[in-house]
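These protein sequence lines are chains A and B, in that order. If you read the first sequence in our numbering, its first letter stands for residue 1, the second for the next number, and so on. If you read the second sequence in our numbering, its first letter stands for residue 1001, the second for the next number, and so on.
The hints are simulated quantities; they were obtained by calculation from the structure and are not laboratory data. Note that the structure is a prediction, hence the values are computed from the model and not measured. Beta carbons: idealized from backbone N, C-alpha and C, even for Gly. Keep in mind that the hints are not guaranteed to be accurate.
One side only, chain B facing chain A, incomplete, derived with CB under 7 Å [claimed, not checked]: (1) Ser1023; (2) Val1033; (3) Leu1069.
Distance condition first, Cα-Cα at most 30 Å in a straight line; then the derived DSSO-like pairs of lysine-lysine [to be verified]: (4) A:Lys248 <-> B:Lys1026; (5) A:Lys102 <-> B:Lys1063; (6) A:Lys137 <-> A:Lys98; (7) A:Lys284 <-> A:Lys248; (8) A:Lys243 <-> B:Lys1026; (9) A:Lys246 <-> A:Lys284; (10) A:Lys243 <-> A:Lys284; (11) A:Lys98 <-> B:Lys1127; (12) A:Lys109 <-> B:Lys1026; (13) A:Lys98 <-> B:Lys1026; (14) B:Lys1026 <-> B:Lys1063.
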Amino acid sequence: MKMAMAWGCLVPTRRSLIGYEAATRKVLNHLGVETVDIPNETCCAPFWMQSLDFTTSLAMAARNLAKAEEMGLDLLTPCSGCFHSYMRVNHTYENHPKMREKVNDILAKANLRYDGNVEPRHVVDFLYQDIGVNAIKESMKIDLGEIEIGLRYGCHMLKPSDLLNIEYSERPRFGDELLEAVGVRCKEYTGRYRCCGGLLRGTQDDVADYILHDRLMDAKNANLDGLVTVCSLCHIQHDMGQKSIKRKFGIEDLEIPILHFPQLLALGFGYSAEEIGLNLHTVKTDGIVAKIIAGTSKGGIKK
Amino acid sequence: MERAEDVKSYKPDQPIQDSDVRSDFKYEVAEHVGAEGLLRCLKCGACSGGCPVAAVTDYRARKVLGDVLLGLKDQVLSSDTLWLCAACFTCEERCVQEVNFTDVVTVLRNMAVREGFAAEGYVEMAKRVIQFGRVSPITRQVERMRENLNLPPLQEPAIEELRAIMESAGFPEIMEAATRRLKTV
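Chain A extracted, bound-state conformation (with noise of 0.2 Å):
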């Protein structure tokens, strides 16, 4: 199996995002999942972006699908706004054929032509789906009991369902199973399913930050070991947004820590924390890093 891989612009150059790149490609790498980086990967031109010009972003999106489509290969991203802006372009091409013409036209200014033959995946989606719950458990090399999270599945990977062709997004199940599968214990609790506020930041900080201190104080009321997300801008939103938070509201005891989705699998793996990247994060996060070793030490380590 082979993927093409875009990253995205956050994933690849944020501090605390950049162990969701060493763990996905750790994790890609154990599965045996081969990958290449799509050549030059440009801006995907996400709701931001398209809400300044939806055609123009279209095409910008495109850029990327059309390198992919050269190779042959589908597209693979552990970003949700990179994976929401990719299925918007197939979508639109599938349904308005006007639109698909005049992207073409854009394209082919830039020597580039697109003809929506690739199909763009989320991460965890293709972990659940192609490589499945199985095959994941197998390749575990310790056990991750022991701590129980709230797993984040954020907006843009699933919303709306008609676009992303998931999975309903009101309860999803599938990332729950795959973790609960090797262990980890997923806490169902309230405001888990709601939106972080994340794509309000640098337009509307002060709304980002009343919607992120709820989400904060939802994940804190569940006593969490931490919570695990699959969407860069929750991550940066719960990791590098919780401090402000705490000094805003005053909050004294809020120390929760944020692991992307891939990270908790790669520690599975038997890949150290530094490695993937998790001493990066601005929330610490050896709290629960020491508690899944502990868990090990009692006869965690899979035989």
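Given the coordinates of chain A, assemble chain B onto it according to the supplied hints.
Structure of chain B alone, referenced to chain A:
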């Protein structure tokens, strides 16, 4: 925009006058890709009910839809309210009439940008993309972090290709219109 608990009344400041109404506005909006569902809106309010921004402010998707359907073109396009949607797509997922409000917001914002009303933050991000080919540039510090994690060096974005795309899509003219009277929202 006000915090939800500060709002005392939803009564508008003044009655709407005939001169404020552009009755063809909704048809103009509904012609765009993504906004085809607009005319199906029943104004039931399911969109506002699930909205994360409505939970912390007095922003109401139903009101935006109501204003569009009524034809308050100038008010809708020039209002900061238009830039409050966090694009979580919950309303789109729940709307029984498949109005696709989030996509309607995109269409309305595209119109607003051409009238010179754009969120400054987004315009700044677009400028970075035009300059670097990506939202967050590759700095020496980023390269060092990647080396420490044994990650491959990042490839330079195909900036000329991207600029050619943006130019042939007419984006420079749109940016010019957007920055003509930039709103800080």
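Exercise. Hint numbers the structure violates, sorted upward?
Worked result: When the structure is compared with the hints, numbers 1, 3, 4, 5, 6, 8, 12 turn out to be violated.
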